[in-house]
Each structure stands twice: as structure tokens, then as C-alpha cells.
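So the chains spell out like this:
Number of protein chains: 2
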Amino acid sequence: METDRRPRIEIISTGTEIMQGLYADTNAQWLSQQLVAIGLPVSCHSAVGDSIGDLERHLSLVAHRCDLVIVSGGLGPTADDINRHAIARVYDSELTEDETAVQQMRERFARRGIPFNDANRVQAMVPCGARVLYNEWGTAPGFLIEVDVGLATLIALPGPPRELRPMFDRWVRPYLLKRYPPGERFVTLTLHTIDLPESEINAKIHDLFDADPALYVGLLAADGKVEVRLTTHGAEEEKVQAALEGFRHQVGDRLGRDNIYGAEDETLEGVVAGMLRFHRQTLAVAESCTGGMIASRLTNISGASSYFLEGFITYTNDSKVARLGVPRELIERYGTVSRQVARSMAEGVRARTGADLGLACTGIAGPSGGTPEKPVGLVYVGLAWGNDSAVIERRFLGNRNENRTYSVNAALDLLRRHLLRQDARY
Amino acid sequence: METDRRPRIEIISTGTEIMQGLYADTNAQWLSQQLVAIGLPVSCHSAVGDSIGDLERHLSLVAHRCDLVIVSGGLGPTADDINRHAIARVYDSELTEDETAVQQMRERFARRGIPFNDANRVQAMVPCGARVLYNEWGTAPGFLIEVDVGLATLIALPGPPRELRPMFDRWVRPYLLKRYPPGERFVTLTLHTIDLPESEINAKIHDLFDADPALYVGLLAADGKVEVRLTTHGAEEEKVQAALEGFRHQVGDRLGRDNIYGAEDETLEGVVAGMLRFHRQTLAVAESCTGGMIASRLTNISGASSYFLEGFITYTNDSKVARLGVPRELIERYGTVSRQVARSMAEGVRARTGADLGLACTGIAGPSGGTPEKPVGLVYVGLAWGNDSAVIERRFLGNRNENRTYSVNAALDLLRRHLLRQDARY
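Quick note, the sequences are listed as chains A and B, same order. Here the first sequence is numbered in this note's numbering, starting from 1 and rising by one per residue. Here the second sequence is numbered in this note's numbering, starting from 1 and rising by one per residue.
In case anyone wonders, no lab produced these hints; they're calculated from the structure. Take these hints with a grain of salt, some might be off.
Any copy will do: because identical chains look the same in the list, a pair fits if it lies in one copy or spans two.
[What the hints assert, rightly or not] Straight-line C-alpha distance at most 20 Å; calculated EDC-like pairs for lysine to aspartate or glutamate:
#: 1; residue 1: K178; residue 2: D253
#: 2; residue 1: K225; residue 2: D265
#: 3; residue 1: K204; residue 2: D253
#: 4; residue 1: K178; residue 2: E402
#: 5; residue 1: K204; residue 2: E227
#: 6; residue 1: K204; residue 2: E184
#: 7; residue 1: K239; residue 2: D356
#: 8; residue 1: K239; residue 2: D67
#: 9; residue 1: K239; residue 2: D223
#: 10; residue 1: K374; residue 2: D67
#: 11; residue 1: K225; residue 2: E402
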């Protein structure tokens, strides 16, 4: 058994549905997460259709170049479930029926009150000498083949995630932990930034990472936000955690702490909700182009009723006048999409509802409605509080739905930065 | 150029995030759908991390065994964007800066009002002799390399789906249709159903498909809706389309036409929007547990202002009374989450706004707030029109966000079925 080096691991998913694009390969994703967490990063994912020849050729190549391969799918009772046959050919093995597996299938059918059909027995056929991984969550068992030399250890699991996942938990993780005891600790930290382009983040922190070969940094941009993902590893848990904490501080210094709104699974709305609760402030929202998206993000947090009073979706000019008291002259003079109207909406929704804070958004989501002076993607967000208010302007270049999402993030971020400044006053 | 046989096509996705399980490889899924639809099924998907050596080894193997390879990701400006370098090595080519691409980048930054940083120029570096695939949807262009013999044609696309998809539409599909004119026609039809469980759909239509080996059917459940995906193929376009149309009718008869709300890329909100426009009816919305999600779905359709008047997010009881005129006694007597309050909210929002239709939703999204009589997931949707109204009750079993999404779908579907009955009266 290898102890001196990490094994090279590959994942093969099988299924013509994957090749036709009917669904994404979420098994490879889930398995990779589990493996990274125990210090076993995966080198390559691949997916092939339900053809014995294709899988045999592909598996033969993979099994000769890695130490461990996990193959998922194709263990069911139908004609396109060809994995056991292809695997038996590559591993030069005969298939044999496992009696315990047949017995478990019979019992499973009996529990569901369904007659047992002999067509199901093929699912109990496993390569000679393989260790059978029994399946309590479905019909087909998986199996594990260890050979002395030349070919990777192979683990075959059924394709349905509701079977594959508990089978990994029950059989595969314990096997891997025993065979490859985590010598090194792998730790990961994801920081969420907003309002900084990916290229600027890269320019600001790039040199930090060239210095340390144990540190890996990945940037992932989505919805006008960029995730900074730090991964490092080392022999001692405490030292690795301390190193990561050090990197976190350095990244914060370089990017500006205000630009990092959270870490790990924190969301912009969750962070804002926590700050509103902490400051015991209430909020009301007035939306035009975002059409309810700001409110729906804020109310997706359980307990939102403690800070969210109400929302107005004033899609028409009439409703901006009637519900928020925006002066009609203001709309006529500056246009619906203007700094002035955003401010008036924010002040109006605050006044009408008695909330501590009024947040408002008006913009042109597109695809139509733009002009040379006011192009599609132009958005104003207003925030009113106490005797003061603020308005920001943004120009987005996405499609309708993207511009709406970017606008929501900009609005939540304006609110967050305002509440941050309150924190600073303590 | 091949005309006598279908090319062998592979897709390679790159990104350490994929290997770490941060997200599923949805680019391979989407590209496969597009390719199958033009008669070019894919043989193999694979994914590798952001290491030049790994990608170079893997790409070299793949490019020698297939006719066409599409590589996505890794074209950005940062250090882990290594694809152009690995590709240039495998294709034995130098990288050179494309002036047009630099110019487009500068213009893009100018439109967003962001200073152009020279670090971005690396994105305009493409292999000598490659055809540049310009990118109007993001910064980094893609490219296409055709070599005479021995190596696959290579197409490199950026990783973000919002760039990759329109670039495929604009550059790749036309290229492939010209190079590989479809011999067999592959046609696919996706029907969208709501309010029918997957197992019931399967029971009702399963026998239809056992009869015809050319027909493939897939069911995909999500958000309380189920997609029925029909795929068939044959030599003659007309016959294949007619066969698919026949299957569509049979499926409609078996499932009930009202339960199929749309086909292909139609959405529930898009279908409802079309019906509202057709009947020249206006709508106002009052939301409690969905917190703006119904309005945001309805206003994500361009031109929503012709039917959507306004929305109220009446999260508190006070706001239900103040904005919608729900009698306080009604809330006290029946509770906020009740048939009576849902009806009163729908009638109230219609009366206050002058809309033709008032749609309202009240429920317990969870995770807290449930009682034995009124459990988490209990939702009432009300619709008011003319002198009449309707209320439906649903009991969902999801988490908070799922229950909210199911509620929105139930609300939109109630509206759809009402408008359908109006159609029937014509």
C-alpha cells in the first residue's frame, strides 16, 4: 500500500443521458468534494456513454494511468447497464452471482410488495474476487477490485445519487481513510468579494501566492461578485489553520476589508440580515426594475420579519407617485431612471412605512428601453436613513436577468456598507 | 472534410474548482445538448484542473484520438488561466496578440467606465494561425485551430456559461453545420408539466415508448414541475418531425393537456405573460411568504409593464391591513395563513390597484413557524377577478427556499389555469 505519496485518483461516470446533456455529472462533483475533504484530490473526471466497447477502451486507459478509479452508473437490470461486463473484461475476470445480494434484492421487493422478477438477478453478478459493496438504498450492489500490480484499484457504484452517496459514506470513505490515512491536512477558505473586478483582485494578491507553493488560490466570478478560494495543506492541523488565517488577513489588507462581505457559505443577504438584527434596524424596500428580487432575497432568510417591514414593487410611474409619494415633476424632469427618483423612492418608502431604512432601485434591465444617454444596464440604487440619503449609479452589461441580479447585489451591498459605517462608529 | 461518417467529438472542461467539486460541469452538459440536436453526439466528457502539465498531457491524448475537441475555461487574465499555453504546446504553435481583441476589450472597459488594465491583454493572446472567435459577452475571445492531419480540430471557449453559450451560438454551431451537414435528423422536444408526480407520469406514458425503439423519453423533476423530454431520429426531416408531433399528442392525451404548460424553453411566467397580453388583462400581486418572488418572476419578462401594475410585499399583519385592507378580525379569527386571508389579500390588491386580476399568497415557508394544524409548507394562493375569486391550498415538504419556489409555481399555475378557462370560453 502506498504511504509515501498521494494516489492518483480518477472518476468515470457512465450514461448515455450524460452524453446527451440530459443532466450534469453531479456524481463526479459530489465524489470530488468528499475526496478532497479527506486529503485525496481527484486528477480527472470523465464520462462516457453506455457502450461496452467505449467504456472498455476508456477504462483500460484510465486504469493503467492511475491508482484508484471510481466508476459510477450502469449497474442496473436493463440492456444499457453494461458496466459490470466492461469492467470484467478490463480486469480479466469472470462474473459470478453473489448469493447475499440476490437474497437482499428478494427481501427489498417483498418489503415494497412487488413480485421479484428474475430479470433483476443480473444485478447480483459481480467480478470474481471482488469485494461486494451491499446496497441498502437500492437494488444493485457495488463492488471493489484490488489487484496486485499494473491496474488501478476499482470501485464501482450505482448511478442514482440517493444510492451512490450513502454507499460512499458506508463503504468507500472508511476504506480510503484506512488505505490512505490523511498524512496531510487540506483546508480551504472561500472569501466573497463584491465591487472588485477579477483582474484587479488578481493584480493585488498575485504575488502573495507565488511565494508559497503550498497555497493555491482560485478566483471565481459570478453575478458581479468574485469568490477568492484559498487552499493549503500541511502536516499539522494547527499550523495549517494558522497559515490560512494569515493568508486571510493578507488578502483582506490587500483588497480592503470592506470589499470582502463574507466567508464560506455566507451570503450577501445573510450578512445584511445579521447586521440589521444587530443594530435593531428595520427596512422597507421600493423596487422598479428588480421587480421584487431585492425583497425576495432579504426574505429568504428565516426570521426576516424582525427587520423586513414591507416592500413595494412600483413598476409604473403612477404607482411610484401613489405609493411612495415621488413627485410627478421629478419623474418628468429627470426621468424614471435617475439619481433623483432613486433618492425620492428611498425617502418615500421610508416615510410611508416608518422603517429605519428605505432602500430603492430604479434602472433599465433591458433588452429594450435604453437610449444613448440612458443605456440598458444603467441602474440607480438609493438608501435613506435618519436625515440623510445616498445614491449610487451602476452600468451593467448583462442580459435582462443578469442586470437585475447585479442590481440586487449592488443594492444589498450599498445597505451593507452603510451598516458597516455604523459599526465603525461604536 | 469528413462527409461519410460522423466525427468523434470530445469535450474537455478545465478548472481546479471542478476537480474540487465546487460546481458540476454544466458546460459539458449544455454543449452536449446542442451537439446532439445537430446530429453530432459526443463520445466523451472529461475535466482536469488548472495545471499546464495535466492539461497538456490530457489534451495531447484526446486530440490524437478524436476529430473535434471543444475545450472550455481557462482563458481569463489570471495565473490559473493556463489553457492557451497548454493548447499552444500540444498544437506546436506560438501565442500572438490579436489586435482586434485588445481593441474590443478596451471598448468594453470604457462602456463600463472602468480603467483598462494591461494585465487584461494576455486574454488577447491566441495561437498563431488560429481563427479568433470574438466575444461580445465577456472579455476573453475563444479560438479555433484546424490542422491538416493527425490532430483534432480544436475549439477553445471561455468558461462562464453566459459567455460560452452565446459564443457557441454565434461561432461554433454555424461552423459545425457547414462542416458536418446533418445526415440523420435528431429532434428533441421537451414538454413542461406541473402538478403531476414523476411516478404518475411514468405510469401513464411508459407503454408508448416501449413500442418504438427510435423514441427515447426522459423525465426530469425539479421545483414541483416535471420535464418530459422526447428524442427521436430518422433520415427525413419531415417524417421525424411528424413522428415527434404524434408522440406529443399522445403524451398530451395521456397526461391531460391542461397539465402541460409549455414546451422547449417556455417558462411558466412566460406562458402566463403571453396569456395576460392576449386577453389584455392587468395584474397586481400581494405576497407574504414568497416575499417578492412571484412579482420578480413575472417582471423578468421583457415588456412586463403592459400587464404587471404593481406588487405589495405585505410581510407583517399591519401591512396586510394598511395596504390591502384585509380586515384585522379576519386575521385574528382565521390566522394569517388561511384560505380567508389569501382571498382577502387577492381581493384587496385588486381593489386598491384597479388591476383586472389580483393574485396573493400566504404560507409558512419554514423552518420555524409551523404548528400541528398549520405545518411548515402549508400555503394558500388566492386569485380575484370580476366578481369572483378562487383559493387553493398546498402542503409542500421542502426546505424554506424550496417551499417558496413551489409556492410561486403554484401561484403562477393558478393564474394560468384561470386564463385557460377564459380561452375555453371563446
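Status of the hints after comparison with the structure:
1. With identical chains, the CA atoms of K178 and D253 are never at most 20 Å apart, being 39 Å at best within one copy and 53 Å at best between copies.
2. In this homomeric assembly, K225 and D265 come within 20 Å of each other (Cα to Cα) only inside a single copy, at 14 Å, whereas the closest approach across copies is 28 Å.
3. Taking CA atoms no more than 20 Å apart as the test, K204 paired with D253 passes inside one copy only; the shortest distance there is 10 Å, against 61 Å between copies.
4. Taking the shortest Cα distances, K178 and E402 never come within 20 Å of each other, neither inside one copy (44 Å) nor across copies (32 Å).
5. For a Cα distance limit of 20 Å, the shortest separation of K204 from E227 inside one copy, 14 Å, qualifies, whereas the shortest one across copies, 46 Å, does not.
6. For a Cα distance limit of 20 Å, the shortest separation of K204 from E184 qualifies neither inside one copy, at 29 Å, nor across copies, at 53 Å.
7. In this homomeric assembly, K239 and D356 never come within 20 Å of each other (Cα to Cα): the closest approach is 45 Å inside a single copy and 65 Å across copies.
8. Proximity of K239 and D67 under a CA criterion of 20 Å is satisfied in neither setting, with 29 Å inside one chain copy and 49 Å between copies.
9. Taking identical chains as interchangeable, the C-alpha atoms of K239 and D223 are never at most 20 Å apart, the minima being 34 Å within one chain and 44 Å between chains.
10. Taking identical chains as interchangeable, the C-alpha atoms of K374 and D67 are never at most 20 Å apart, the minima being 59 Å within one chain and 47 Å between chains.
11. Proximity of K225 and E402 under a CA criterion of 20 Å is satisfied intra-copy only: 12 Å inside one chain copy versus 24 Å between copies.
Checked against the numbered hints above, the structure violates hints 1, 4, 6, 7, 8, 9 and 10; every other hint is satisfied.
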